[in-house]
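Line by line, the protein sequences give chains F and E. For what it's worth, my numbering labels the leading residue of the first sequence as 3, then goes sequentially. For what it's worth, my numbering labels the leading residue of the second sequence as 2, then goes sequentially.
Source of the hints: derived by calculation from the structure; they are not laboratory data. Values in this document were obtained by computation on a predicted structure and should not be read as measured data. Watch out, some of these pointers could steer you wrong.
Straight-line distance between alpha carbons at most 20 Å, and here's what the computed SDA-like set of lysine to any residue pairs gives [claimed, not checked]:
| no. | chain 1 | residue 1 | chain 2 | residue 2 |
| --- | --- | --- | --- | --- |
| 1 | F | LYS208 | E | GLN84 |
| 2 | E | LYS252 | E | ARG285 |
| 3 | E | LYS91 | F | GLU372 |
| 4 | F | LYS222 | E | TRP69 |
| 5 | E | LYS18 | F | GLU372 |
| 6 | F | LYS210 | E | ALA97 |
| 7 | F | LYS222 | F | TYR206 |
| 8 | E | LYS55 | E | GLN84 |
| 9 | E | LYS108 | E | LYS55 |
| 10 | E | LYS234 | E | SER223 |
| 11 | E | LYS55 | F | GLU372 |
Residues from chain F that face chain E, not an exhaustive set, calculated with beta carbons under 10 Å [what the hints assert, rightly or not]:
| no. | residue |
| --- | --- |
| 12 | VAL4 |
| 13 | ALA11 |
| 14 | ARG22 |
| 15 | ASN23 |
| 16 | THR221 |
| 17 | MET223 |
| 18 | ASP288 |
| 19 | ARG319 |
| 20 | PHE321 |
| 21 | ARG371 |
Between beta-carbon pairs, the in silico distance windows are [stated by the list, open to error]:
| no. | chain 1 | residue 1 | chain 2 | residue 2 | range |
| --- | --- | --- | --- | --- | --- |
| 22 | E | LYS18 | F | LYS7 | 41 to 49 Å |
| 23 | E | LYS55 | F | LYS285 | 16 to 24 Å |
| 24 | F | ALA363 | E | SER132 | 19 to 27 Å |
| 25 | F | ILE359 | E | ASP110 | 43 to 51 Å |
| 26 | F | LEU27 | E | MET2 | 46 to 54 Å |
| 27 | E | GLU121 | F | LEU21 | 39 to 47 Å |
| 28 | E | GLY40 | F | LEU27 | 27 to 35 Å |
| 29 | F | THR289 | E | GLY40 | 21 to 29 Å |
| 30 | F | VAL358 | E | LYS55 | 35 to 43 Å |
The C-beta atom is built at its ideal place from N, Cα and C for all residues, glycine as well.
Given next are the chains, with one letter for each unit.
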Amino acid sequence: MVSAKRVMADLRVYGHGYLRNRVGLFFGLIFPVILILIFGAIFSSGNSGTLTVYVQNQDTGPFPTPLMDIATQFIDALNSTGTLNVQLAGASENFTQYLSDHSSADGIIIPANFSANYMAGTSVNITVYGNPSQTSSAVVSGTVNGLANAFNLRRFNGSAVIGLAQTTVNTQQTKYVDFLIPGLIGFSILISPMFSLVSISSEYKKTKLFKQLSLTPLTKMEWLASKVIWYIFLSMASFLLMVAVGVFVFGAHVTLTVWLIPFLILGPMLFASMGMLVGTLTKNPDTAAVIGQVITFPMMFLSGTFFPISFMPEYLRIFAHVLPLYYVVEGLNAVMVYANYAQALIDIAVVTVITVILFVAAAKLFKWRED
Amino acid sequence: MIPVEISSVKKSYGDIKAVNGVSFSVNEGEVFALLGPNGAGKTTLIEIMEGLRKRDAGAVKILGLDPWENGYELHRKIGVIPQDFTFFEKATPKEAIKYYATLFGVKVDPDDILREVLLEDSAGVLFETLSGGQKQKMGLALSLVNSPELYFLDEPTTGLDPNARRAVWEVINGLKSKGKTIILTTHYLDEAQQLSDRVAIMNHGHTVAMGTSDEIIAEHGSGERLEIHGSEKLAAYVKANTELKVEYDGKGLITIALREKIDALAALAAVEQSGLDWGDIQTRRDSLDDVFVKLVRGIIDEHGEITVAHGSNNSSSQRRR
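Okay, chain F solo, but in the shape it has when bound (with noise of 0.2 Å):
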């Protein structure tokens, strides 16, 4: 029943009347890349300057060979990340008031054993000191992290190990720019689409602009289907441009795979169906607009778009994993950054249910006329 002309009719009215229109050109496209550029440029900063880091290490040996205190190997491996400057606290202090006189609250502690453990492959924890509501915390713990990995991939296949902490280093210092892009890809994918069609969906009721177009041989689902088109352009042109920048402004690692592909569609079409249901289930264009924004602007800050949801306190991750952006900016982060296809194939299974329960929602409620 549907038909592909109307539908390219509708698309082509609608697509030139939103490419006239400033605003929303602004929100669909130039705003994500103005937030990539703000954001590019402060998680960079914070890369570019040296961190100081104060590390005890407790595992003082001895050790048979230099080769085998561990420890030490991984502080110099640390050291030349260039990423962190490391001070060494002495291994009687205590630590906590050390950080304290010395007004850090980065910190790392290297147990005692921790070489032989390692050697043995007992497991053994490096703890890191920090504060969750700065970026430098964040730097460091992240960097153990990846080293600590690295050590760990070195312990079973035997490779070098200066190598490995090279290879740690690259990925680590583009690491922030890499998460932004698909956290302020999700970002778009989510804005434009949502606000535009709370506002038309309830815009078009209030002026009878729906009745109108009752009467001609269009039908809901051609002009429902027409937005989610040209919001999967809109979304795919954002993405291209927000790549661009982050590739050739700072630097960053994106994998493009066609395991975006479905996210891109997904995504859009996903926002543009919640959008209309908000705008149809609502009274009048103010009530939608401030739903809307109640539904929006926790999804925008909690789904992993501007940090990573494990900055955050367990709670707001478990809210986290209501939110449907969240599987979409996961699935991004699977795909872009960590080539983790197992866990995109969830989040892709995921948003495709998502996806067709609000789209069959929106269709169904949404009314051309009313009784």
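Since the structure of chain F is provided, determine the placement of chain E on it from the hints.
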């Protein structure tokens, strides 16, 4: 086939009976006006006929179709301008016509249509910057795209200045001369008289009168009467010396109802006999305005627009002559 047939149509919103049992039919090529003050139920009724609203009761056949059940099919065959026509703000009239043409799957020349509605000069202007009259003309233009035989025009000139109104009338008269069937709602009396063959006067969800202007006047008007400018004393003299129904308005106007032409002679003879002074004499019959004011107890303001009188005081002193 009779294009429009409705009977006993009802529609309520909560306790308010917007349309309360309306019946009429409209013939092919006829222009039919629903005339009434705001809130009379005109828009609800026309939207029921267009298939935009569901009726509570009654039968409606538009081009042989039930507009609510077969709306999708019906809409290909009718042209509609809803009240306060609006469109995508960032689209031009030309784009709008092309858009409608694709939706309806018809081939039209947008310039032809724009010429027909006298909008060719604004073909490339964004809808948001068009004037009220131009917007309304664009609505007319879009209703022409699928070349319908039947048009519904809901208050096509409300809020327009006199020039814009006349321009819209010109377009509607053009449709009329092509033999199209048109139903329009209006709260302008002159619009109903200028454009329509038949009028239904609506008030509080009912039709209070229906027919051609002459039919309505004949049925609901007071008939022919003689008006004489003279004193109360003269009025009393005529009343005492004839069988006629004589009224005095207290301000020097005597009105005598004429059941037959010959009554005028009797009245004038009595006037002459009285030896009292008298001024202008004329015979008069109710105009559609007079009937309308009487039927809906409305006031026609200086723009020719009807508003409903509040309270029960005699509103006739405020009516337009």
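Outcome of the hint check:
1. LYS208(F) - GLN84(E): 13 Å, holds
2. LYS252(E) - ARG285(E): Judged against 20 Å, a Cα distance of about 18 Å means the pair holds.
3. LYS91(E) - GLU372(F): It is violated: about 26 Å lies between the C-alpha atoms, which goes past 20 Å.
4. LYS222(F) - TRP69(E): With a Cα-Cα distance of about 16 Å, the restraint between LYS222(F) and TRP69(E) holds, given a limit of 20 Å.
5. LYS18(E) - GLU372(F): 17 Å, holds
6. LYS210(F) - ALA97(E): The given pair, whose Cα atoms are some 16 Å apart, holds under the 20 Å limit.
7. LYS222(F) - TYR206(F): Holds: LYS222(F) and TYR206(F) sit about 13 Å apart, inside 20 Å.
8. LYS55(E) - GLN84(E): Judged against 20 Å, a Cα distance of about 18 Å means the pair holds.
9. LYS108(E) - LYS55(E): Not OK: LYS108(E) and LYS55(E) at ~32 Å, beyond 20 Å, violated.
10. LYS234(E) - SER223(E): 24 Å, violated
11. LYS55(E) - GLU372(F): Since the Cα atoms of LYS55(E) and GLU372(F) sit roughly 8 Å apart, the hinted pair holds (cutoff 20 Å).
12. VAL4: Violated: closest Cβ of chain E sits about 13 Å from VAL4(F), beyond 10 Å.
13. ALA11: 4 Å, holds
14. ARG22: 4 Å, holds
15. ASN23: It holds, given that the least Cβ distance between ASN23(F) and chain E is near 6 Å, below 10 Å.
16. THR221: 8 Å, holds
17. MET223: With Cβ-Cβ at 12 Å, over 10 Å, it is violated.
18. ASP288: Not OK, violated: ASP288(F) not within 10 Å of chain E, min 18 Å.
19. ARG319: ARG319(F) check fails; min Cβ-Cβ to chain E is 43 Å, beyond 10 Å.
20. PHE321: With a closest approach of 39 Å, the PHE321(F) hint is violated.
21. ARG371: 5 Å, holds
22. LYS18(E) - LYS7(F): 41 to 49 Å: 43 Å, holds
23. LYS55(E) - LYS285(F): 16 to 24 Å: Distance hint for LYS55(E), LYS285(F) holds at roughly 20 Å.
24. ALA363(F) - SER132(E): 19 to 27 Å: 41 Å, violated
25. ILE359(F) - ASP110(E): 43 to 51 Å: 46 Å Cβ-Cβ, so the 43 to 51 Å window holds.
26. LEU27(F) - MET2(E): 46 to 54 Å: 51 Å, holds
27. GLU121(E) - LEU21(F): 39 to 47 Å: 25 Å, violated
28. GLY40(E) - LEU27(F): 27 to 35 Å: At roughly 42 Å between Cβ atoms, LEU27(F) and GLY40(E) fall outside 27 to 35 Å, so the hint is violated.
29. THR289(F) - GLY40(E): 21 to 29 Å: 26 Å, holds
30. VAL358(F) - LYS55(E): 35 to 43 Å: Since VAL358(F) and LYS55(E) have Cβ atoms about 30 Å apart, the given range 35 to 43 Å is violated.
In summary, the structure is inconsistent with hints 3, 9, 10, 12, 17, 18, 19, 20, 24, 27, 28 and 30 from the numbered list given earlier, while agreeing with the others.
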